[in-house]
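Numbering (our numbering), first residue to last: 225 to 640.
Keep in mind that the hints were calculated from the coordinates and are not lab data.
Some hints could be false.
As the list claims (entries may be wrong) - Distance condition first, Cα-Cα at most 27 angstroms in a straight line; then the derived BS3-like pairs of lysine-lysine:
hint	residue 1	residue 2
1	K394	K322
2	K345	K444
3	K448	K272
4	K528	K354
5	K529	K354
6	K345	K386
Unchecked claim - Derived Cβ-Cβ restraints for the label pairs, each shown as a range:
hint	residue 1	residue 2	range
7	E503	S425	18 to 24 angstroms
8	N332	F633	21 to 27 angstroms
9	E591	E284	52 to 58 angstroms
10	R622	P327	47 to 53 angstroms
11	R396	L324	19 to 25 angstroms
12	L324	S351	23 to 29 angstroms
13	P327	N478	37 to 43 angstroms
14	N596	E574	36 to 42 angstroms
15	K528	P288	35 to 41 angstroms
16	S352	Q434	23 to 29 angstroms
17	P288	S425	38 to 44 angstroms
Note that this is a predicted model, so its numbers are computed, not measured.
The C-beta atom is built at its ideal place from N, Cα and C for all residues, glycine as well.
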Amino acid sequence: MRIISKLFILLFIAGGILSAQNFSLDSLLLKQSDTTLIKVLRDYQHFKVRVVYTQIERDENNFPHFTTYQFGMNDHDYFYPASTVKFPTALIALQRLKQLNIPGLNRNSVINFDSAYSNQKGIDYDSSSKNFKPSIGHYVKKLFIVSDNDAYNRLYEFTGQKELNETLWKMRYGGLKILHRFSPGFTFESNRFTNPYKLFSGEGEVIYSQPLVWNPTQYKNYHKDLLIGKAYYDGDSLVEKQFDFTYRNFFSLNTQQEMLRNLIFPETAPVEMRFDLTEDDYNFVLYCMSLLPRESTYPAYPPKKYFDNRVKFFMYGDVKGEIPSNIRIFNKVGLAYGFVTDNAYIVDFEKKIEFFLSATIYVNENETFNDNLYEYDKIAIPFLGELGRVIYEYESNREKKNLPVLDKFILDYNDR
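Turn these sequences into a full structure, and let the hints guide you.
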């Protein structure tokens with residue numbers, strides 16, 4: 225593995241972009257390897273593989289400088305981002321709370337949702353929270369720890385489709401469209417409508433309310449390759465046509481890593497691309513992104529069911545057991561329709577390692593959607609796990625002029 229790792233890194237870094245010709249430079253050595261990583265990279269176009277890797281160099285003032293390398297990248301090609309869209313949705317929800325600028329309103333304020341359109345459901349109770357009440361903060365927490373779909377749906381409803389997208393576009397995050405909930409029964413039309421809700425003060429008084437909101441503009445994707453596969457299931461019926469992603473979410477890999485980098489290091493981002501969060505909310509996001517299921521009390525996640533690697537695909541996705549305490553992964557994954565993605569900032573406090581890594585892969589060998597026959601455990605997760613280990617190994621041996629001071633990311637994981 226050491227030889228293969230070095231070869232891969234050298235090819236990866238040389239010029240920044242890999243091609244099929246790069247692999248032929250040492251095809252005999254590659255043929256000797258039987259790892260999932262090399263198998264996938266040999267046929268990376270078939271698997272729609274994209275990788276963005278960013279090295280971080282600190283100057284004498286600990287200010288970060290970035291060098292980014294890409295593989296298989298073409299932001300004009302579509303891939304389904306799945307749950308990675310929960311990341312910007314959580315940030316915009318917290319930012320909206322702050323910008324409402326209402327005394328006493330914060331992420332822990334109780335929120336009740338009503339229903340006013342097809343398939344919408346009201347809610348005023350959350351059995352997983354300490355006070356049994358729903359709140360934006362608790363939804364953010366569940367969204368990151370186990371990628372909870374209902375938590376995302378509620379944050380989508382809190383912001384509204386139009387405000388969510390247009391806020392991000394105004395912040396110059398153009399490579400995304402967030403068009404729908406993750407909930408059966410909603411159509412592309414009904415996802416344009418978001419629930420009425422009320423926010424309450426600590427004394428139980430309504431301090432803000434919003435009626436049903438409708439986005440008058442039908443957003444859609446304009447990529448050239450939005451028809452994918454050969455067939456799909458509609459309920460129990462097999463439809464022998466390509467699956468259409470025109471009205472489904474989009475979040476380019478470059479935009480994913482750019483957004484994560486701007487969150488982790490806001491001092492390096494243009495002012496308009498920085499998220500407007502309170503200091504406490506900012507630290508809360510870092511905490512939630514890196515918190516492991518076994519470290520959470522509210523909600524409580526049984527360790528025998530919720531392993532450390534549940535939403536940590538890089539390095540540990542194919543490895544059971546506890547992630548070492550010296551390593552923290554600030555990330556958001558996505559997995560659906562055969563597309564698997566991870567977008568991460570990874571640190572090792574003992575070895576003074578830090579890097580950004582984002583990657584996506586498509587595994588749907590029979591080219592049929594909604595049949596639950598995807599090669600997630602066989603190919604996708606092992607690929608991402610090994611890719612993370614390869615980059616980590618390289619970073620552990622890479623010489624750095626100035627070692628990073630990582631105190632900012634050493635957080636207290638006693639459950640909030």
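Structure-based check of each hint:
1. K394 x K322: 17 angstroms, holds
2. K345 x K444: Distance ~25 angstroms between K345 and K444 Cα, so the pair holds.
3. K448 x K272: 15 angstroms, holds
4. K528 x K354: The hint holds at about 22 angstroms.
5. K529 x K354: Given that 27 angstroms is the threshold and the Cα spacing comes to 21 angstroms, the pair holds.
6. K345 x K386: Holds, because 20 angstroms separates the two Cα atoms, which is no more than 27 angstroms.
7. E503 x S425: 18 to 24 angstroms: The hint (18 to 24 angstroms, Cβ to Cβ) holds, given that E503 and S425 are roughly 22 angstroms apart.
8. N332 x F633: 21 to 27 angstroms: 23 angstroms, holds
9. E591 x E284: 52 to 58 angstroms: 53 angstroms, holds
10. R622 x P327: 47 to 53 angstroms: This hint holds: roughly 49 angstroms between Cβ atoms.
11. R396 x L324: 19 to 25 angstroms: 23 angstroms, holds
12. L324 x S351: 23 to 29 angstroms: 27 angstroms, holds
13. P327 x N478: 37 to 43 angstroms: 39 angstroms, holds
14. N596 x E574: 36 to 42 angstroms: 40 angstroms, holds
15. K528 x P288: 35 to 41 angstroms: 39 angstroms, holds
16. S352 x Q434: 23 to 29 angstroms: Holds - the Cβ-Cβ distance for S352 and Q434, about 24 angstroms, lies within 23 to 29 angstroms.
17. P288 x S425: 38 to 44 angstroms: Holds, since P288 and S425 (Cβ atoms, about 40 angstroms apart) stay within the stated range.
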